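> Using the sequences provided together with the hints, build the complete structure.
Same order as they appear, the protein sequences are chains A and B. Just so we're aligned, residue 1 is where the first sequence starts under this note's numbering, counting upward by one. Just so we're aligned, residue 1001 is where the second sequence starts under this note's numbering, counting upward by one.
In case anyone wonders, no lab produced these hints; they're calculated from the structure. One or more hints might be untrue.
Subject to a maximum C-alpha distance of 27 Å in a straight line, what follows is the list of computed BS3-like cross-link-like pairs (lysine-lysine) [to be verified]:
| no. | chain 1 | residue 1 | chain 2 | residue 2 |
| --- | --- | --- | --- | --- |
| 1 | A | 253 | B | 1240 |
| 2 | B | 1171 | A | 246 |
| 3 | A | 230 | B | 1271 |
| 4 | B | 1031 | A | 224 |
| 5 | A | 25 | B | 1135 |
| 6 | B | 1171 | A | 224 |
| 7 | A | 255 | B | 1271 |
| 8 | A | 230 | B | 1289 |
| 9 | B | 1099 | A | 253 |
| 10 | B | 1257 | A | 172 |
| 11 | A | 231 | B | 1299 |
| 12 | A | 231 | B | 1289 |
| 13 | A | 25 | B | 1148 |
| 14 | B | 1299 | A | 255 |
A quick note: this is a predicted structure, and the numbers were derived from the prediction, not measured.
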Amino acid sequence: MNLIVFTKRVPATQEEELRITGEGKAVDLSKVPFKVNDWDNYSVEEAVRIVEKTGGAVTAVSIGDAESDEVLRRAIAMGAKDGFLIETGDVLHDPGARATLIQNFLKKESVPFDAIFTGVQSEDDQFGAVGGILAAKLGLPFVSMVISIDAFESDHVIARRELEGGLQERVKVILPCVISIQTGINEPRYVSIMGVRKASKVERKVFKAADYQENMVSKIEAVKWVYPPKKGGATILSGELEGACKELLGILKEKGVYQ
Amino acid sequence: MSYALVVAEVRRGVFEERNLDAIGLCALMEKDISLLVTDNNNEMNQNPPSSPFGKEGLGGFSGEKLVNTIIKVKIEEALFLNPLNMVGVVKTMMDSKGKPDVIVFTHSSSGTELASYVAGYFDLPLITDVNGFDKERDVFFKSYYSDKIFGEFRKAAQGPFVITVRSGSFKEYAVEKTTPPVIETIEDFPIAEGRNFMEYVEEEKAEIDITKAEFLLSVGRGIGNKDEIPDYEKLADLLKATLSGSRPVIDKMWLPKARQVGTSGKTVKPKVYLAMGISGAFQHIAGMKDSDCIIAVNKDPEAPIFQYAHFGIIADIHKVRDKLLEVLKG
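Right under this line is the structure:
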């Protein structure tokens, strides 16, 4: 099997204070550390595991600036054979524009594949849409929220999709297709610094996004960035830790869940 | 005619409550609303429900009146919720009825799958996970960066566009119309062969049911690593609380799936929900926001969970845990 897997370098914003600058024009990410998108980490792992069984190769592709080479090295350390960077300094908010760029790239470079893997969404923009748009543009079957690949045969895949409330659905999808991977599908292997260093010796190819712009127009406009509206908010138990903890226990007693 | 198309999610015969958020947004946009819904009364269905809103209905709530038109699609739900078929259904509908101004889906597992495929197929603008709308400025809000920033988005192309709606965002705007809905039916559209539904798979029965607990101690990504779990178990024991977790903890297999709180896990309403190291992604919030009392402990004062909590402690969770253990033992 030849699998293409997309991986993205994203800001790790979980525990960072974010500041909007230029009256809503931009979000300052200059002090935020970057990492591989969580969903893509699972997706790379899944693709590598499949190829380890079926033979063939995984090609990791990233769209972003030169720094995105970092997530390609990581994918190679995990078992991808090649790393392709589609280099652009622009932030593509529109998932449609992103999908068109990918479509143009795959066509122009004639990259062969049996399946394309993406993460369900990326942590930064949370659109969760590139896989589906790309599949439709390529005229291929699509399956998302995949929490298990039960079988990967020469002409089809049996996959389980995660629905809500613990329910799943099992579907059969004909190859070639686009598969969007949900977190938790596997346990991604540990990547050591040594591993990444070794992966640096594998040549990564760099392509210019400017060469694949045909029909690539943004159909949505990011007008402005704002802070989420504040709701009531919590009463903060402040002061000494011991005092706050005793106050917390007092609340538990008052609510009748702890004596 | 100008109209909004809402694609309803009916799962195992039940009209999902989150459809009301999609209807609510269209009402807020002051659109004439057409609801596209699988017709469960067709002969292929073994348990035909009495209403197009499913076997369970909406708990005595007469949802039919919330829309102007109901378009019944003669197809089983599993075929309807397949993105490859949905493009055929939408095309057939547009051929007979004309293009809608906007096509609205729920922001759920199937809703996002369908919406992205429809947007790609018809080459339409797409804005997902919409949680707010400013009518005057014609902008939609969607969250970015762990829900810490909202982006205001607008479509930048002519013609219809596609939206997915965050559950819980617009339900209150769905209001009853004065006239009963017009019922239309569509059939005869291509069924795709590229993807086929096989079966539903239920979660395995577990030894524990966190939905029955009165007091949940829930841990999230902030606990850092698996070795910390035993000390939180100890704390839960001393507090006589049940231990649960958010998605990252379950994904990493630090706690079993049966203990997951959130849309893809369990929806819980305990007397007290004590969240430690949980930032509060909306999928998690949706699963616990109706708890009587929510207490959040997190070192990040900007964590969205503090917006939903009644009480909060801004501190390192391990220090809070250790102090609580000390006080409880002392």
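> Now tell me, hint by hint, if it's right for this structure.
Results of checking the hints against the structure:
no. : hint               : in the structure
1   : 253(A) <-> 1240(B) : holds, 12 Å
2   : 1171(B) <-> 246(A) : violated, 39 Å
3   : 230(A) <-> 1271(B) : holds, 24 Å
4   : 1031(B) <-> 224(A) : holds, 25 Å
5   : 25(A) <-> 1135(B)  : holds, 21 Å
6   : 1171(B) <-> 224(A) : holds, 25 Å
7   : 255(A) <-> 1271(B) : holds, 7 Å
8   : 230(A) <-> 1289(B) : holds, 16 Å
9   : 1099(B) <-> 253(A) : violated, 59 Å
10  : 1257(B) <-> 172(A) : holds, 24 Å
11  : 231(A) <-> 1299(B) : holds, 19 Å
12  : 231(A) <-> 1289(B) : holds, 13 Å
13  : 25(A) <-> 1148(B)  : holds, 16 Å
14  : 1299(B) <-> 255(A) : holds, 24 Å
Against the hints set out earlier in the document, violations occur for numbers 2 and 9.
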